[in-house]
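Peer 1: Chains as they are written, first to last, in the numbering used here: chain A, 1 to 289; chain D, 1 to 280; chain H, 1 to 249; chain P, 1 to 267; chain Z, 1 to 293.
These aren't lab readings, by the way, just hints derived from the structure by calculation.
From the three backbone atoms N, C-alpha and C, an ideal C-beta is built for every residue, glycine too.
Among these hints, one or two may not hold up.
BS3-like, lysine-lysine: derived pairs with alpha carbons at most 27 angstroms apart [said to hold, decoys possible]: (1) P:168 x D:28; (2) D:24 x P:90; (3) H:114 x Z:264; (4) Z:32 x H:61; (5) A:121 x D:56; (6) D:84 x A:121; (7) D:24 x P:5; (8) P:171 x D:64; (9) D:84 x P:14; (10) Z:162 x A:11; (11) D:56 x P:168; (12) D:191 x A:78; (13) H:108 x Z:32.
A few chain P positions that, by computed beta-carbon distances, are all more than 12 angstroms from chain D [unchecked claim]: (14) 40; (15) 69; (16) 118; (17) 241.
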Amino acid sequence: MSLVSLNEGEKVYIIHGVEENFRCDGRSRQDYRPLELEMDIVSNANGSARLRLANSDILVCVKVEIDTPLPETPNDGKIEYFVDCSANATPTFEGRGGEQLAAELSRFLSLAHCPVFNLSKLCIVSGQSCWKLFVDVLILECGGNLFDAVSLAAKAALCNTSLPNIVGTYEDGKNIDLQISDDPFDTKPLDARDLPVLVSLCKIGNNYVADPTIEEEICGAGCIVISVTPKGKVSAVLKKGAGSFMPDTLNEIIMSGSQIGVLLNKALEETITKDMSSNVCKQRFGFLK
Amino acid sequence: MPTNLYRFQGPEGTIPYQHYLIDKNNTKLTKIATALMKNERCDGRDISAHRNLCIKTGIVTQAKGSAYVEKGHTKLLCSVFDPKEVPNKVEYAKTGELQCEFKFATFSCRQRRNYTRDSEERQLCNEFRRAIEPAVCRGEFANFEIQVNVLVLENDGSVLSTAITAAGLALMDGCIPMYDMIVASSLGIFKNTILVDPTYDEETLCLSWTEDEENRGTVMLAYMVSLEQITEFSQNGSMDINMFPEYVQLLIDQNCKINKLVQSAAITDVIGHFESQTTD
Amino acid sequence: MDLLSRQGLRTDGRRSDELRRISCKMGVFNQPDGSAYLEQGNTKVLAAVYGPHEIRVNRSKAPNDCAVINCQYSMATFSRSERKRRPRDNKSAELTVHLKQAMTTAIKTDLYPKSQIDIFVEVLQSDGGNYSVCVNAATLALIDAGIAMEEFVISCTSSLANGEVPLVDISHLEETLGGPSITVAILPISGKIAMLETSQRMHINHVEPVLTEAMRGCRYIYDTLNKTIKKHYEEIGGALNWGTEEYNI
Amino acid sequence: MNSIKLNIQETYIKEYLALQKRSDGRGLTGFRDASLNINSIHTADGSSVIKIGNTAVVCGIKAELGIPKAESPDVGYLLVNVELPSLCYKKIRPGIPCDEAMETTSFLNEVCNNCKILDLQQLCICVDKLVWILSCDIYCLNYDGSVLDACFVALLSALQTVKLPEVKYDKETDEINVIEDYKFLKLNCLPVASTFGVFNDKYILADPTEEEEQLCISKFSVVTDGNLLFSLHKPGGNYIKDNQIQNCVKYAKIRAKTVHELIKSVQ
Amino acid sequence: MNISISLASKKTRHGILKPTSNPPVIFTPGEKIRDEAGFMRGHGTYVSAGSLKATVAGVEQNINRLVTVSPLRCRYNGEIGDVVIGRITELVHKRWKVDLNARLDAVLLLTSIQLPGGELRRRGMEDEQSMRNYLSEGDLISAEVHSIFADGSLSLHMRSLKYGKLGQGVLIKVQSSLIKRSKNHFHNLTVGISIILGNNGYIWIEPTSNDNKDLVGLEDEFEQVVDIGDRQTISRVRNVILALSYYKMLIYDTSIQFALEESKKYTVSDLLTAEACYDIANLTRHRLQIMDE
């Protein structure tokens, strides 16, 4: 991503544009670029989704495994986030180049989900066995605003996830053996509709914009990422970039971020419902379209 | 557990014995929780009171600048080194860089930590760097980097905010040009009750999952008092949006209080410098 | 478990000399200079090519008269049914080297002095023959990037069932259960072999039939991909005036 | 630039040494004052902080339960690690441990094993099943020479503060029960290290500071508990004479006694 | 707040425009084009066993007896006299390195720019030391290809009033093969917007300046705020060009003009949607075809 640089003229042009509430691509400050979602595209996963936000392309897969719960939380399952920045997205990600960004993304995603996600839903036998969810995010192309795109894709993939049904357990002394249904359709969906999405607001000049492009991210003095649940609660806030904020600006940004977040959640919700309802003869396109 | 060729490693899969005392720990947490419902804290503080702050600057004589800060049981050390050229770098940079390291000592937390950096340390390191970056006059040392290191000796809550405060002092002690002093403080929110400067147990309580809709979580804010600028803000938990202005205001007030302490420590530090110079 | 039923059908219903369904698309992404997506059965691979561009790392060590080819083979953590812990491990480092060797034979590196060509492949779903599909996808991406090549590089993996019948384009199940397998990458028109590897000990008498089958598979894949490329170019070329200034229909 | 600075420092120190004095006022064989503080870290099962002159070192011990080695099923683990984090000294880069840290670590472990500081049998809970693992991590906070000396004091005083609860292990059900009846560890001996620097063949400096260490052509350490000599450690460098060593051992023994008193005084 | 998430499966498949009726023969790498006898090997071909073969996928082109195959998409291959837009990446002794999306970074010598003081000014040490004041890393310039070095890298010059450092505006990047070579690459679109179509695929859109450009074109002017009307048109032009580029259509003054006219029914931000892009590209092509006939 460091491949993009801007000269002063371009920066001034962007900053003035934001002031006039008319950005380079014609959006107003709070508009998102068109998003495109496709669910259930990886056949060997328990849930998956691919999201395109302009040029940002994110593929998220959820896999489940049986694990033993931690001794301090015997009734809770586990969830692990892993982000990989594919070198396909930009050559700077080659080798370990994308690791720092990936670590930041996965850490913040787990921070944002953690206070909202009820892990006891993943419990099978208290203290003995639980589900462990692996949420694997693959970044295939970067067109700015990765935090929002990754969170939307991750939520969609989790909504798409279903857990296999346990058909029987039998105890053998202390150990409990679990029998998982062989039928791939004998599953129960995971309820993930309450999960938050992330909204990045980039401060440019004295204003802030939603869904920043790469150019705007470079131009901006700093960025606030807010994790918003469908009910408008805030579950995590993060600051990116080297800038600093006035207290009033910060409050204002968080306020409008939560409003955007509610709408974003609603839009995602509607799309997911639409996708679920058209379940019959659904065709997977993936990357062929 | 990643294998490590550089250190003596014990066997894999060790368990802290405290795991078998979980009930005790849980009752302790419940006790704290019930006390908090009555607006009382286990260490006898008022819910809006800070723990005592103990500041010592210049204790790492080998570093350019350093500060040791103790806040309750939270203890940490921060040191700053001379600006030096960035190794293996060809491009020209107009602003200097801050290289930060944020490390927990292995014995600093309830559970023993690993030697290698984990994701929490990385994240704290990122937040730490972002918090102090705006305060340093980075234009003064173009193409150079400054190394800022933090070692947490004991973690009893509000580590990041303490570290940021310590870093501000260490940078000052190291005579690195800064726009303003930087201080930070944190809040815990438990069932709508606001706790200033939460301890480790209180933080755990604030972040544990509950069914209800009440506000909970932690908030941290780093602030430059005389410039009135927020340099870092992070929050975790589940909170109502309308509460944010209140939290932010409260944190700013707290920071102003801490700033007074920090400033007096800074003045003592500077006087100390002069005295040592005159005795030389 | 029998890899070949009495009727001569494989576990996924194919005949022994039948390849899996191939679908592909060129130009999936905007940012790379060339990109391609290739599915062979359930093995799905994305390839991206950046360059030729200025050499970024180790500029002083690079040769002056030809291009540096830089590859990375990576496997998504979710690509197999068992979750992988890391996308890049020792195995993928080895495949990276193989991929680089195979692609270098075909790229006309002497045309691009002092430059670097990056080829990145990402296995999204793996069901056998990962390396082969990656080579094929990389070829497509290179063509999409307009990089001069002597020929296509096409790869195919085949193995032996019941110690006698060669199986072409094997799936993951056949890879794990079956006998020794041969992976070969060839330049299909001239028939030159760019890379050849056997998975394990193999009887000398078996090499010939398995290799022939793999090469036949390569030629089939070449035909399919070649057709797709032509179709893709016919579709997009018109508006572009076929990339020429003067061409008139 | 650096060489010039070193040169100036060398002349400066030489002038002092000619007067049988050192730049901080000590005599040639004088040790710096030490101060010790124990149990200051509450998250550790045992801890101590030692300052010798400006050199500061903290040691924290965490006790965990684990499975013993198959070849020695009845002993626990005592793992000693020395960390020289980048914050203590400007010449250390962050990342993997530096050579000096690794060297100090292996020397400490060697001495611990050789002189049996601790009967490792007392760390055994159930043979072949469960033992204590004591991870002793020593962090240097300020690197001002003779870090090894400080590490020894820190380790010993921290070990003395460790209290382990009683653990009941049921062989049948693998069940573990922790009873809060804490007991101290029994230490066999208290080895104390004293580092000496050899300056210019002629002078032997006890307990050199960082500045002096830079200029010394070689360095060696004597480990003793006042009566017995546990180890003499001289990692290369220039040769030293036999009688010089004899003298140093003498000083080291006296030093060991004072350190023992210091450790006793804080308990 | 405009947020729309569409489903990929609901999208009708219009990744491409309808292909033309009778496409020419397309050669792919390794395929034989013709026997070598009597022909000369050009770009995109090689000789093997007495026949000419293609190295890239494309259409055969004959200029007299020279046979070339040009790929539909590749990095920019410069030709002398091309107008290019580039970004300064590095300052090295007496020269700037310029990124042109070509195989190698181009070079702009200190002697190839006009400094204040005119043609006859001597370039001394002072100029060398203050190079960063004229052009620094990240700056955008428009220039002309002056010569081609043996290794294929380009040398640029800015010794004309029309070239110089670019100020406020928008840069978009498209494939270099989409830019149609023509006599003029500087266009003042009727709507008060100037556009420079760099042969290397970089396109610069800026408001037409009324006052004469100062002689050197190395000064910055950031005080002036581009007015909202111009801004809207610039964004519209930007989105329209991106739509054309998505559908691999040649970009030149006429195609942009047509596309702009067709885009009138959409608001600027609507032009970001796939449907609008398709519609505009399709209509534009239709009009171009009619014009050709």
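Peer 1: Taking the hints in turn, state whether each one holds.
Peer 2: We went through each hint and held it up to the structure:
Restraint check for residue 168 of chain P and residue 28 of chain D: the C-alpha separation of about 23 angstroms stays at or below 27 angstroms, so the hint holds. Among the hinted pairs, residue 24 of chain D with residue 90 of chain P is inconsistent with the structure: their alpha-carbon atoms are about 44 angstroms apart, more than 27 angstroms. Of the supplied pair hints, the one linking residue 114 of chain H and residue 264 of chain Z is violated, its CA atoms being roughly 47 angstroms apart against a limit of 27 angstroms. As the CA atoms of residue 32 of chain Z and residue 61 of chain H are separated by approximately 37 angstroms, the hinted pair breaks the 27 angstroms bound.
Proposed proximity of residue 121 of chain A and residue 56 of chain D is contradicted: the alpha carbons are some 48 angstroms apart, above 27 angstroms. Restraint check for residue 84 of chain D and residue 121 of chain A: not satisfied, since their Cα atoms lie roughly 52 angstroms apart, outside the 27 angstroms limit. With a CA separation close to 59 angstroms, the supplied pair residue 24 of chain D and residue 5 of chain P exceeds the 27 angstroms bound. Using a Cα cut-off of 27 angstroms, the hinted pair residue 171 of chain P and residue 64 of chain D is violated, with the two alpha carbons roughly 56 angstroms apart.
Restraint check for residue 84 of chain D and residue 14 of chain P: the C-alpha separation of about 31 angstroms exceeds 27 angstroms, so the hint is violated. A threshold of 27 angstroms between alpha carbons decides the hint, and for residue 162 of chain Z with residue 11 of chain A the separation of about 22 angstroms falls inside it, so the pair holds. Simply put, residue 56 of chain D and residue 168 of chain P have alpha-carbon atoms about 44 angstroms apart, too far for the 27 angstroms limit, and the pair is violated. Restraint check: the Cα-Cα separation between residue 191 of chain D and residue 78 of chain A comes to about 25 angstroms, which is no more than 27 angstroms; the hinted pair holds.
As the CA atoms of residue 108 of chain H and residue 32 of chain Z are separated by approximately 17 angstroms, the hinted pair is consistent with the 27 angstroms bound. Separation of residue 40 of chain P from chain D is inadequate, the least Cβ-Cβ distance of about 8 angstroms not exceeding the 12 angstroms criterion. Its beta-carbon lying about 7 angstroms from the closest one in chain D, residue 69 of chain P breaks the requirement of being farther than 12 angstroms from that chain. Even its closest Cβ contact with chain D, about 15 angstroms, leaves residue 118 of chain P beyond 12 angstroms, as expected for a residue assigned away from the interface.
Look at residue 241 of chain P: its CB is around 32 angstroms from the nearest CB on chain D, clear of 12 angstroms, so calling it non-interface holds up.
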